[in-house]
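Below, each chain spelled out in residue letters.
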Amino acid sequence: MASEPLLRVEDLRLHYRSGNGVVRALDGVSFDIRRNEALVVLGESGCGKSTLAKALMRLLPRNVQHFSGNLLVDGVETMGFSEERFRREVRWVRISMVMQAAMNALNPVIRVGEQVAEPLRVHRGWSARQARERTAEVFGLVGISADFLQRYPFELSGGMRQRAVLAMALVTEPDLVIMDEPTSALDVLTQASIMNALKRIKQELGTSFILITHDVSTSSEIAERVALMYAGQLVEFADAKDFFGEPAHPYSKLLMASVPRLHQEETPVHIPGQPPNLLNPPEGCRFAERCPSRFDRCDRDPETFRIGNRRTVRCWLHAAGSRA
Amino acid sequence: MRPLLDGLRRMGRYPSALVGLAIIFALVGTAVFTVVTIPYGQALELWRGGDVWRMHPVNARPAWVDRIAGSNLPRTIVVSSDDAVIEEEPFVGGNRLRIPLEFDFDYDGFPSELNLFLTSSHTEREPFVRLTWETPDGRELNLGGRRPAREERVSISQDWELERRLGRVPHVGLFAAEPEGDGPPEVIGGRYRLVVDAITFEADARVDADLVVYGRVHGLAGTDHQRRDLMVALLWGIPVALAFGLLAAVGTTVTTLVIAAAGVWYGGWVDAVIQRLTEVNIILPMLPILVMVGTLYSTSIWVMLGVVIALGIFSAGIKMYRAMLLPIRESPYIEAAKAYGAGNARIILRYMIPRILPVLIPTFVTLIPTFVFLEASLALLGLGDPVLPTWGKVMNDAQTQSALYHGFYYWVLSPAALLMLTGLGFAMLGFALDRIFNPRLRTM
Numbered sequence: 018m019a020s021e022p023l024l025r026v027e028d029l030r031l032h033y034r035s036g037n038g039v040v041r042a043l044d045g046v047s048f049d050i051r052r053n054e055a056l057v058v059l060g061e062s063g064c065g066k067s068t069l070a071k072a073l074m075r076l077l078p079r080n081v082q083h084f085s086g087n088l089l090v091d092g093v094e095t096m097g098f099s100e101e102r103f104r105r106e107v108r109w110v111r112i113s114m115v116m117q118a119a120m121n122a123l124n125p126v127i128r129v130g131e132q133v134a135e136p137l138r139v140h141r142g143w144s145a146r147q148a149r150e151r152t153a154e155v156f157g158l159v160g161i162s163a164d165f166l167q168r169y170p171f172e173l174s175g176g177m178r179q180r181a182v183l184a185m186a187l188v189t190e191p192d193l194v195i196m197d198e199p200t201s202a203l204d205v206l207t208q209a210s211i212m213n214a215l216k217r218i219k220q221e222l223g224t225s226f227i228l229i230t231h232d233v234s235t236s237s238e239i240a241e242r243v244a245l246m247y248a249g250q251l252v253e254f255a256d257a258k259d260f261f262g263e264p265a266h267p268y269s270k271l272l273m274a275s276v277p278r279l280h281q282e283e284t285p286v287h288i289p290g291q292p293p294n295l296l297n298p299p300e301g302c303r304f305a306e307r308c309p310s311r312f313d314r315c316d317r318d319p320e321t322f323r324i325g326n327r328r329t330v331r332c333w334l335h336a337a338g339s340r341a
Numbered sequence: 049m050r051p052l053l054d055g056l057r058r059m060g061r062y063p064s065a066l067v068g069l070a071i072i073f074a075l076v077g078t079a080v081f082t083v084v085t086i087p088y089g090q091a092l093e094l095w096r097g098g099d100v101w102r103m104h105p106v107n108a109r110p111a112w113v114d115r116i117a118g119s120n121l122p123r124t125i126v127v128s129s130d131d132a133v134i135e136e137e138p139f140v141g142g143n144r145l146r147i148p149l150e151f152d153f154d155y156d157g158f159p160s161e162l163n164l165f166l167t168s169s170h171t172e173r174e175p176f177v178r179l180t181w182e183t184p185d186g187r188e189l190n191l192g193g194r195r196p197a198r199e200e201r202v203s204i205s206q207d208w209e210l211e212r213r214l215g216r217v218p219h220v221g222l223f224a225a226e227p228e229g230d231g232p233p234e235v236i237g238g239r240y241r242l243v244v245d246a247i248t249f250e251a252d253a254r255v256d257a258d259l260v261v262y263g264r265v266h267g268l269a270g271t272d273h274q275r276r277d278l279m280v281a282l283l284w285g286i287p288v289a290l291a292f293g294l295l296a297a298v299g300t301t302v303t304t305l306v307i308a309a310a311g312v313w314y315g316g317w318v319d320a321v322i323q324r325l326t327e328v329n330i331i332l333p334m335l336p337i338l339v340m341v342g343t344l345y346s347t348s349i350w351v352m353l354g355v356v357i358a359l360g361i362f363s364a365g366i367k368m369y370r371a372m373l374l375p376i377r378e379s380p381y382i383e384a385a386k387a388y389g390a391g392n393a394r395i396i397l398r399y400m401i402p403r404i405l406p407v408l409i410p411t412f413v414t415l416i417p418t419f420v421f422l423e424a425s426l427a428l429l430g431l432g433d434p435v436l437p438t439w440g441k442v443m444n445d446a447q448t449q450s451a452l453y454h455g456f457y458y459w460v461l462s463p464a465a466l467l468m469l470t471g472l473g474f475a476m477l478g479f480a481l482d483r484i485f486n487p488r489l490r491t492m
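Residue numbers (the working numbering), protein chains in the order written: chain E, 18 to 341; chain L, 49 to 492.
No lab work stands behind these hints: they were computed from the structure. Glycine residues also receive a C-beta, built at the ideal position from the N, C-alpha and C atoms. Misleading hints may appear alongside valid ones.
Quick look at which bits of chain L chain E covers, simulated, 3 or more residues with Cβ under 8 Å [unchecked claim]:
hint, stretch
1, 387 to 393
2, 399 to 411
3, 427 to 438
Restraint ranges, calculated between C-beta atoms of paired labels, are given here [as the list claims (entries may be wrong)]:
hint, chain 1, residue 1, chain 2, residue 2, range
4, E, Gly175, L, Asp54, 32 to 40 Å
5, L, Phe73, E, Glu154, 39 to 47 Å
6, E, Glu190, L, Asp54, 55 to 63 Å
7, E, Arg146, L, Trp112, 56 to 64 Å
Given the sequences, and given the hints that come with them, work out the whole structure.
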């Protein structure tokens with residue numbers, strides 16, 4: 018823990034206006050990621066995973082009402098950066114991103130090769146010719162033949178498109194790639210081969226990855242660290258081994274129990290109730306209503322406690338741990 | 049860009065696209081040919097009119113009309129003394145010249161006019177010239193004598209004295225048989241001769257003569273009231289119309305598109321301002337504004353073009369483009385582009401606009417003739433460029449000269465036909481392109 022983490026996020030908050038009031042999509046999220054580390058952000062739909070991804074890239078919705086916190090890249094605070102400086106110095110230079118619905122993230126009227134080269138042209142001012150070689154190289158890295166450079170997105174299969182979008186994220190050699198639901202729309206075989214490609218890339222380039230997903234089993238393939246989100250907050254943040262082996266937060270436990278396993282007699286557990294409305298989150302612990310271990314302290318908002326090495330839990334049950 | 053090329057390749061399957069393209073290529077080819085053979089300066093010079101056209105008949109119809117009608121109306125005959133066998137008899141202090149100007153006249157109608165152009169090279173004393181007209185049937189008519197200046201135009205047709213003598217206008221009377229009763233005059237075919245007897249009073253002075261027997265048909269397009277060959281205007285009308293139409297269409301479409309895209313992308317007050325400007329501009333009537341500019345400021349075609357484009361920037365197209373661009377703004381690849389750091393201009397120009405281009409191309413193509421028509425309408429209203437020969441100008445002249453009343457249909461029909469041809473070419477191409485680029489229309 019001597020060196021500064023690649024990215025440290027402290028108390029990130031993002032609220033936006035909707036027709037009915039203020040939606041508190043991110044409400045105090047803190048975590049960090051080191052170099053060459055794969056972090057999986059887990060959570061149910063609507064818990065703020067994608068908002069987190071976009072907030073890290075500072076791709077704010079037009080109706081943003083409140084955006085605060087600290088975002089340190091290599092120890093440098095970037096929240097104060099102007100939009101232009103953030104665009105030039107952070108996006109795709111330090112952190113790049115694979116959008117959700119990545120298959121649609123390719124412009125249908127531009128050739129794949131040209132499009133993957135776009136970040137090079139935008140950030141490094143390379144000519145199309147210069148960029149072509151590098152693009153072919155990255156295509157090889159993600160496992161697409163260079164023949165596909167000349168194709169249009171509609172001529173590629175879903176898996177190919179996903180790889181092309183990944184190539185676009187890697188083309189400028191960023192330190193961190195955020196992937197929002199990278200495999201959700203793909204079949205299992207393609208999922209597996211993309212996961213393998215990610216592992217290989219991580220090994221070869223030393224890139225860090227943040228994988229945002231609700232797919233516990235696929236993400237366990239690559240995860241080294243796991244962050245579990247619930248209702249706009251981070252409830253548990255731990256090494257993958259600890260998290261999958263011995264989940265600490267009651268929500269983590271229930272979530273792990275709900276994952277179906279092969280050759281298992283017992284039916285997967287489901288968690289009764291539903292996540293609270295982020296328009297008007299309840300006082301106290303946001304999971305309290307569905308929590309089997311609820312007790313009277315849960316009426317107060319739980320603090321985040323440090324238990325063990327690099328592990329935090331936002332639950333009163335772990336109040337024995339030091340305050341993070 | 050590939051969809052565009054694909055679309056163009058698919059045009060082969062649409063006959064209307066090919067016909068439209070053929071028309072457009074023919075027009076463009078003719079326009080290039082015109083600009084090369086009749087340079088701009090020369091065209092303006094010709095269209096200004098005057099002495100260049102003195103050998104041309106007034107209001108002659110196109111020669112092919114005559115051929116189609118099966119008649120044999122006279123063409124213009126020019127007889128020059130350079131080609132005549134001149135008898136010369138020098139005497140002390142002068143020279144006696146006999147210039148026979150002979151020509152064959154084998155037409156069914158009378159000429160429209162008869163002029164003799166005399167050129168004398170005297171320095172002080174004018175020569176004396178006497179004219180004798182000899183008909184094929186052996187009659188000789190004395191057309192009188194005169195003392196010409198250095199450049200003299202003898203309007204035989206307007207010789208009132210001769211007209212009185214013949215009982216008819218000279219260019220009819222001189223070619224007609226002796227009148228018998230009250231019937232209409234009859235042409236006598238054969239060899240006519242105008243003998244110019246000149247006496248010069250300076251030893252080395254010469255007299256040259258050009259006899260012009262003006263026809264009733266001329267060239268492919270006929271002539272107007274100022275003897276100008278309409279071909280000049282019909283030909284020069286092509287590049288002017290195409291250039292005006294194309295520049296106006298490009299100017300309005302491109303600016304409108306970029307402004308609409310910028311409004312959509314930036315949103316907020318930028319969008320609001322653009323929308324309000326558009327709404328105000330839509331209700332401004334274009335033609336009266338153009339008439340005002342033309343009347344009060346300038347009728348130069350470039351000023352008009354500028355005003356047309358300026359008024360076209362915030363046109364109703366903005367509303368349409370905005371509707372098309374709004375969903376594109378929200379599409380994932382635009383967000384992705386923003387994420388990887390593409391700047392605003394790049395997103396607008398490289399991602400948003402190319403997305404709707406295929407839909408716009410047909411509209412753009414059909415927009416060209418509307419501007420061609422607008423230019424013609426302005427010219428017809430008398431607001432055409434004062435120096436430039438255009439189709440609208442021809443029709444404007446035809447209208448002020450009551451061409452249809454006088455039966456000069458060609459004067460109105462030929463520019464109108466060219467206008468329609470232009471419209472037809474672009475419309476056929478545009479409609480075919482519409483089917484190609486908007487495939488949903490194909491099945492409906």
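| Coverage criterion applied to the stretch 427 to 438 of chain L (partner chain E; beta-carbon cut 8 Å; 3 residues) | Since 0 is below three, the answer is violated.
| query | Range hint 55 to 63 Å: satisfied by the CB atoms of E/Glu190 and L/Asp54? | reply | Because 35 Å falls outside the window, the suggested range is violated.
| task | Hint says 39 to 47 Å; check whether the CB-CB distance for L/Phe73 and E/Glu154 agrees. | result | About 46 Å separates the Cβ atoms of L/Phe73 and E/Glu154, which means 39 to 47 Å holds.
| field | Verdict on chain E covering the stretch 387 to 393 of chain L, criterion of 3 CB contacts below 8 Å | value | holds (count 5)
| For the stretch 399 to 411 of chain L, do three or more residues have a beta carbon lying closer than 8 Å to a beta carbon of chain E? | Per the Cβ count (3), the hint holds.
| Within 56 to 64 Å or not, the Cβ separation of E/Arg146 and L/Trp112? | Given a distance of about 57 Å, which is inside 56 to 64 Å, the answer is holds.
| query | Should the hint that E/Gly175 and L/Asp54 are 32 to 40 Å apart at their CB atoms be regarded as holding? | reply | violated, 23 Å
When held up to the earlier numbered hints, the structure conflicts with 3, 4 and 6 and fits the remainder.
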